[in-house]
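Asker: As you go down the protein sequences, you meet chains R and Y in turn.
Numbers 1 to 189, taken from this note's numbering, label the letters of the first sequence in order.
Numbers 1 to 189, taken from this note's numbering, label the letters of the second sequence in order.
It should be emphasised that the hints constitute simulated quantities derived from the structure, not laboratory data.
Careful: at least some of the hints might be erroneous.
Where chains are identical, the list cannot tell them apart; a pair therefore holds if satisfied intra-copy or between any two copies.
DSSO-like, lysine-lysine: derived pairs with alpha carbons at most 27 angstroms apart [claimed, not checked]:
1. LYS131 - LYS5
2. LYS36 - LYS130
3. LYS14 - LYS91
4. LYS7 - LYS37
5. LYS91 - LYS131
6. LYS49 - LYS36
7. LYS91 - LYS116
8. LYS116 - LYS152
9. LYS171 - LYS5
10. LYS105 - LYS14
11. LYS116 - LYS131
12. LYS37 - LYS123
13. LYS49 - LYS131
14. LYS130 - LYS69
15. LYS69 - LYS152
Number of protein chains: 2
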Amino acid sequence: MNDIKDKLRTHIEKMISLSDDEFSWIYEHFTFQEFKKNELIFEEGQPVKHVYFVLSGLVVLSYTDRDAKQHLISFAMEDWWETDFVAFYSKSRSTFALKCIENTKMLCLTLDHFEKLCATIQKMEHFFLKKSIAGHIGSQQRILSFLTSSAKQRYEHMITNHPALVQRIPKSMLASYLGVSRETLSRIL
Amino acid sequence: MNDIKDKLRTHIEKMISLSDDEFSWIYEHFTFQEFKKNELIFEEGQPVKHVYFVLSGLVVLSYTDRDAKQHLISFAMEDWWETDFVAFYSKSRSTFALKCIENTKMLCLTLDHFEKLCATIQKMEHFFLKKSIAGHIGSQQRILSFLTSSAKQRYEHMITNHPALVQRIPKSMLASYLGVSRETLSRIL
DNA sequence: TTGAAAAAGTGATATTTGTCACACCGTCTT
DNA sequence: AAGACGGTGTGACAAATATCACTTTTTCAA
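Could you build the full structure based on these sequences and the hints that come with them?
Answerer: Pasting the structure below:
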């Protein structure tokens with residue numbers, strides 16, 4: 001249990017510093033959950049009650065279009081925060097699914113607790129602002145890669161920038177994340 | 001001048017509420033700047049000292065690749081915040097250029113002032129967190145459009161969701177923003 | 001008013017990528 | 001050991017999009 005607390009604390013303290021009391025109080029607002037490989041955390045049409053902090057394992061956020069084709073929006077591994085942010089913040093139903101690629105341990109934070117943390121400890125609002133900005137910048141970089149790069153270049157970019165992630169996912173998933181067909185990715189290699 | 005103050009205040013108060021004193025103090029941290037059509041606000045390689053709040057007009061954030069080809073990352077019109085966020089937050093040099101498509105009036109906020117506002121008035125940190133989340137969600141939607149949609153569908157999506165913007169920019173720019181060639185967009189219409 | 005520059009349309013062709021069909025391989029279960 | 005299944009590779013062909021060259025239209029300033 002203490003390694004879980006440490007993991008969250010170390011993560012938050014990369015950006016802000018907290019007293020023992022502050023951290024203990026913060027930690028009380030999270031719940032722990034464990035999921036097995038291939039298990040669905042939530043799926044399309046369901047309410048999204050939490051934002052998830054990944055302690056270990058790997059999850060993927062996906063969208064299924066009218067033709068039942070799956071599109072992978074993002075992966076989240078250790079130290080990442082993930083959820084369907086639209087559904088989470090507006091307390092509405094998800095347009096995405098969140099699924100485990102590996103056995104995964106997560107800390108879960110409800111919107112009410114998220115807002116309570118932000119309102120009570122300003123440093124936490126600051127922390128989440130920084131996280132959100134980083135997320136925004138990451139998304140902008142991905143958009144730029146769609147605008148400027150061929151499928152091959154996007155693949156090579158993944159290999160150099162996220163080699164650990166590439167090792168852990170089947171190539172068919174990587175293809176979907178990169179926005180190319182499985183077959184095209186196979187020929188690119 | 002008062003219409004400028006009102007514009008900013010109305011914008012911020014859509015999300016949080018402020019006393020007259022609070023707003024006046026906040027407003028003092030901004031500087032006003034006016035640019036002409038086609039003027040560069042900053043370009044690749046320059047430091048980015050401000051985040052810009054667009055009062056009126058239209059600007060575009062762009063990236064130029066090794067082949068000197070321009071790619072349009074985002075547009076910002078009235079009530080939008082824009083800058084090269086990487087360069088702004090890290091006080092480093094820009095990889096993007098910010099250019100005026102129309103005569104544009106903006107309010108400018110330095111990083112130091114941004115941080116001072118956030119640190120002093122928690123509501124402002126809350127405001128910027130909400131803005132950042134909205135930006136992140138917008139980027140994720142755009143990524144999803146690259147994953148799921150053809151050029152034609154992306155174009156139609158723009159027409160229905162940002163008709164005002166489409167009217168104000170040349171089709172060649174719209175093409176670049178959508179990630180297709182000018183000629184392909186022309187044939188799609 | 002007119003001429004230059006910018007923006008937009010179009011035909012011909014090349015390139016990239018998707019789709020479908022099928023083969024191959026390893027793992028897991030029974 | 002046999003069969004089922006997921007993941008992957010590949011050939012043939014179709015569809016989408018890029019590129020190049022050129023024309024037409026629009027805009028705007030001298």
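Asker: The structure should be examined with respect to each hint, and the outcome stated for every one.
Answerer: Going through the hints against the structure:
1. For the identical chains of this complex, LYS131 and LYS5 are intra-copy neighbours only, at 19 angstroms inside a copy versus 30 angstroms across copies, given an alpha-carbon limit of 27 angstroms.
2. For a Cα distance limit of 27 angstroms, the shortest separation of LYS36 from LYS130 qualifies neither inside one copy, at 31 angstroms, nor across copies, at 33 angstroms.
3. Only between protomers do LYS14 and LYS91 lie at most 27 angstroms apart by alpha-carbon distance; the minimum there is 20 angstroms, versus 29 angstroms within a single protomer.
4. In this homomeric assembly, LYS7 and LYS37 come within 27 angstroms of each other (Cα to Cα) only inside a single copy, at 21 angstroms, whereas the closest approach across copies is 51 angstroms.
5. Taking identical chains as interchangeable, the C-alpha atoms of LYS91 and LYS131 lie at most 27 angstroms apart whether they share a chain (21 angstroms) or sit on different chains (18 angstroms).
6. With identical chains, the CA atoms of LYS49 and LYS36 are at most 27 angstroms apart within one copy only, with a shortest distance of 19 angstroms there and 47 angstroms across copies.
7. Only within a single protomer do LYS91 and LYS116 lie at most 27 angstroms apart by alpha-carbon distance; the minimum there is 16 angstroms, versus 32 angstroms between protomers.
8. With identical chains, the CA atoms of LYS116 and LYS152 are never at most 27 angstroms apart, being 45 angstroms at best within one copy and 44 angstroms at best between copies.
9. Neither within a single protomer nor between protomers do LYS171 and LYS5 lie at most 27 angstroms apart by alpha-carbon distance, with minima of 34 angstroms and 53 angstroms respectively.
10. For a Cα distance limit of 27 angstroms, the shortest separation of LYS105 from LYS14 inside one copy, 21 angstroms, qualifies, whereas the shortest one across copies, 38 angstroms, does not.
11. Taking CA atoms no more than 27 angstroms apart as the test, LYS116 paired with LYS131 passes in both settings, with 17 angstroms inside one copy and 19 angstroms between copies.
12. Taking the shortest alpha-carbon separations for LYS37 and LYS123, neither the intra-copy value of 35 angstroms nor the inter-copy value of 41 angstroms comes in at or below 27 angstroms.
13. For the identical chains of this complex, LYS49 and LYS131 are neighbours both inside a copy (19 angstroms) and across copies (21 angstroms), given an alpha-carbon limit of 27 angstroms.
14. Taking the shortest Cα distances, LYS130 and LYS69 never come within 27 angstroms of each other, neither inside one copy (34 angstroms) nor across copies (32 angstroms).
15. For the homomeric pair LYS69 and LYS152, the shortest alpha-carbon distances inside one copy (22 angstroms) and between copies (19 angstroms) are both at most 27 angstroms.
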